[in-house]
Each structure stands twice: as structure tokens, then as C-alpha cells.
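Q: Residues per chain, in single letters:
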Amino acid sequence: MIQICFFASLREQLGVTNLSIEARENLTVKMVAEEIVNTHSDWADIFQDKQLLCAVNHQIVSPTTIVKDNDEVAFFPPVTGG
Amino acid sequence: MIKIQQIDFDVGVEYNKLTDANPTDGAVVFFVGLVRDFNQGHEITGMTLEHYPQMAEKQLAAIVDEAKSKWQLGRVSVIHRVGNLQVNDQIVFVGVSSQHREQAFQAASYIMDYLKTRVPIWKKETTNQGTRWVEAGIKS
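Chains as they are written, first to last, in numbering that gives the first Met the number 0: chain A, 0 to 81; chain B, 0 to 139.
A few of these clues could be false.
Lysine-lysine pairs mimicking PhoX-like chemistry, simulated, CA-CA at most 25 Å apart [unchecked claim]:
hint, chain 1, residue 1, chain 2, residue 2
1, B, K57, A, K29
2, B, K57, A, K67
3, B, K2, A, K49
4, A, K49, B, K123
5, B, K123, B, K69
Estimated spans, in silico, between C-beta atoms of each pair [as the list claims (entries may be wrong)]:
hint, chain 1, residue 1, chain 2, residue 2, range
6, A, V36, B, G25, 50 to 60 Å
7, A, D48, B, N83, 22 to 32 Å
8, B, R100, A, I65, 40 to 50 Å
9, B, G25, A, E21, 50 to 60 Å
10, A, Q47, B, Q53, 25 to 35 Å
11, A, V15, B, A60, 53 to 63 Å
12, A, Q58, B, A135, 40 to 50 Å
13, A, Q47, B, F37, 28 to 38 Å
Residues from chain A that keep clear of chain B, each with C-beta distances beyond 10 Å, as calculated [unchecked claim]:
hint, residue
14, E11
15, P62
16, K67
For the record, the hints were derived by calculation from the structure and aren't laboratory data.
Built from N, CA and C at the ideal position, the CB exists for glycine as well.
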């Protein structure tokens, strides 16, 4: 399984902190987002936000990054700490 | 030393950690970020900071390592608070010791700049009109 977590304003918009999806071969970050939207159609607009960032196993990645079984995928808005 | 914590920090204690038994460093630069009472057009009464724990610590450690590779540094200390804060509360401490001041100034500035753009921490402000997430890219 792939663990997916959401943070900050995205977490609040979705009303969900985390979920999981089945791993499969050649699954990219972009495909993970598409799969999430396919099962939660009311989230489509939220995932259109071009500013959303994605990290796999705590490293920022691009939409084409491959996601493997047991990876932790996080989606979140631009950071505002400091 | 890197810490992400809810509790406050004591600048005097942190300064001493940078200087105690450290005869080689002739410079210490530190920065403290505070909760301001006005931001992006609204009065602020407090804020809540959310973070992504494991990633925030890894990213902070990476930024500190980068700074150490760019400049000759002695000790480096970064503390970032999370949770509920009030106006005037301390948010972040970045302290750097070095043999000479220029290295310490540059490294402290570098760490703060990258902390603000790469470490997964988010501010949610409580304003006179309710709560709102701080938007990135707007000076805060």
C-alpha cells in the first residue's frame, strides 16, 4: 500500500488527513493524484491548484516521480514557516 | 542542534550553548522570529503552526548541512515552534557561531531564507475576521 497524507489548508479543504491506495507498477505522483480525484470527484478542483507540492518519503518530487509500495506520499500547499 | 517543539525557548540559554567552552569562535549571530500583530492587511491576535514532523526535521537538517558546507561554521542551532502562539511570542531561533562574523551572518541568513521556503511548516493566523492560512510568497 501507499500511504498518502495531506497538510495545512489542503487537509482542511479535503477534510481528510490521510488515506492509502494500492501500489502498482510505474505509478507516478501525477497518477496518484488522478486516482485520488477519481475516487473523490468533489476534490477535482482542489487538486487543480498548480501551487500544490508533493513529497515522497519526505523529499519534494515532481509529478513524474515513480511511487513504490510502502512509500509515503504527502500533498501540501507552499510552506509558510519561519 | 535542530528542534521543532511546542514549548518556548530562552534566547540566553541558546546563546550560552553556542558559546560555552567554545574558544575558537569569535562570532555568534542569531535571529529570532516573533509573532507580529499585523499581517497582510489584518490585525493578528495569534497563530497556529502546523508541520509535517519527519520531513520538517529532515529538511532543516539538510539546510544546516548545506550551510556548513558553504561556510566555516562552529555550532549551529535551529529551533522552530509549532502549535498555538500569541502575538509577540517567539516562533523561530537560528543561531550560528563561527571564527569570523561574515561567515556567521551569511550562514544565519541562508538558513532563515531556506527555512522559509523548504521546511514544511504552515501558519494559520487568527485575525479580527476569523482564521486564515498565511499565503506563501507574500512577505510575512
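Q: Looking at the structure, which of the earlier hints fail to hold?
A: 3, 5, 11, 12, 14
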